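Chains as they are written, first to last, in numbering that gives the first Met the number 0: chain A, 0 to 147; chain B, 0 to 147; chain C, 0 to 80; chain D, 0 to 80.
Any given hint could turn out to be false.
[Said to hold, decoys possible] Capping the alpha-carbon separation at 30 Å, the derived lysine-lysine pairs in DSSO-like fashion look like this:
#1 Lys124(A) with Lys137(B)
#2 Lys124(B) with Lys137(B)
#3 Lys102(A) with Lys62(A)
#4 Lys18(C) with Lys102(B)
Hints were generated in silico from the structure; no laboratory data involved. Since the model is a prediction, treat every value here as computed from it, not as a measurement.
So the chains spell out like this:
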Amino acid sequence: MRIVVQEAPFDMGAEANAFAAGDDAANGAIVTFTGVVRDLATGDLDVMEIEHYPGMTERALTKIATEAQSRWSLGDVLVIHRHGRLAPGDRIMMVATASPHRKDAFEAAEYLMDYLKSRAPFWKKEITNAGADWVAAKDEDEDALSRW
Amino acid sequence: MRIVVQEAPFDMGAEANAFAAGDDAANGAIVTFTGVVRDLATGDLDVMEIEHYPGMTERALTKIATEAQSRWSLGDVLVIHRHGRLAPGDRIMMVATASPHRKDAFEAAEYLMDYLKSRAPFWKKEITNAGADWVAAKDEDEDALSRW
Amino acid sequence: MDVLYFAWVRERIGLPKEKVETQAATVSDLVAELSAREDRYAAAFADLSALRVALDQELSDFDAPLSGVREVAFFPPMTGG
Amino acid sequence: MDVLYFAWVRERIGLPKEKVETQAATVSDLVAELSAREDRYAAAFADLSALRVALDQELSDFDAPLSGVREVAFFPPMTGG
């Protein structure tokens, strides 16, 4: 398991390759999810600022990843999440899962994402010419947890 | 949409980065699935040989990807599938999806995988010291189609 | 008409592709015609439930008519991914 | 006890962290105590349904006892990923 919380950008492709390189050929299925800063519908997002809770963040991510490993047959799990100032198009975070079964790899990645959205202490703020707004949590993200 | 059928190895990380680079920041969610040649339980797989049906393969993959694009809100779709001789640990194939919504990106990638398993004309043969065996299609792979 | 064979169908029949002159109306008729030729065809086509067929590179079935078809392919269930 | 604030809770209260000497038995008691201090606290804690609380870096709830707790954090629902 590798949990990374950092301000610096990360290279999604290099991380995916490094993750897969650790594989022992027992895990035929590798899934990655990468989150990218979306521009607003109005197209005027200047900066996305991501605040987090140092200490709790790592604990929460580790707990979520450990739970995923106990629920599915996983060879390895990777979680990377950035904080600080990001621009549209920047990668915010990624998760990766390796498993002998594609269903497990997919489900575990979705589980990680669902919990990461609503149970890891990150808060997003969108900054435009018009001002700054904290992103509101979505009911659908909270609801997504009920399926697990 | 990019559909690639090739004998040569591909660089999963480079492909993932190239796929994401084409993104216009409207698609916040990128999912990749990569299939790796698994060793056998007995640990003695020497070579996996993948036969395909040139011409039909590209048609079938294009049809599957086009159907995925019509079902989900996707920015782009990538499918790469190798044929020829592969060794344990080699990457066989990958799919990638980009979408404004993580649910769409995940579902479309799972759909691509399910159809690719049972509806694209590839056949795997496992070669060990003891001989060569064509991999039998699994009922569970055929059954997986019924959910779509 | 081009007839193609893949995977163990190809191995059992012993060739990947051949030209077949036929008046067969359906895929089943063609299968019967080929099976009557030689044992290796009869062996390959013994269990049709273990086979798939594509007509002009589109998956089809054994009842399908062959009129206008230029390429027929026989193969086992696919195992991609 | 360390009390931490994040996101708009931090902005409304005007600081990220403070030491609080309190005999509050539960999180709710602490919230009431802070809210009584100054308007900015009362404003931040006006709608508890819009807030989450963590005790020693584990998500908890407003009924939870504070005995033995060294770090309390208040923040809005999380929006990671």
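Discussion item. For Lys102(A) and Lys62(A), compute the direct alpha-carbon distance and say whether it is at most 30 Å.
Written reply: holds, 22 Å
Discussion item. Checking one constraint from the list: CA of Lys18(C) to CA of Lys102(B), max 30 Å. Satisfied?
Written reply: violated, 48 Å
Worksheet item: Taking only the CA atoms, is the gap from Lys124(B) to Lys137(B) under or equal to 30 Å?
Response: Answer holds: Lys124(B) to Lys137(B) is near 14 Å, not above 30 Å.
Discussion item. Can you confirm whether the C-alpha distance between Lys124(A) and Lys137(B) stays at or below 30 Å?
Written reply: With a Cα-Cα distance of about 48 Å, the restraint between Lys124(A) and Lys137(B) is violated, given a limit of 30 Å.
Violation of the numbered hints given earlier is confined to hints 1, 4; the remaining hints are satisfied by the structure.
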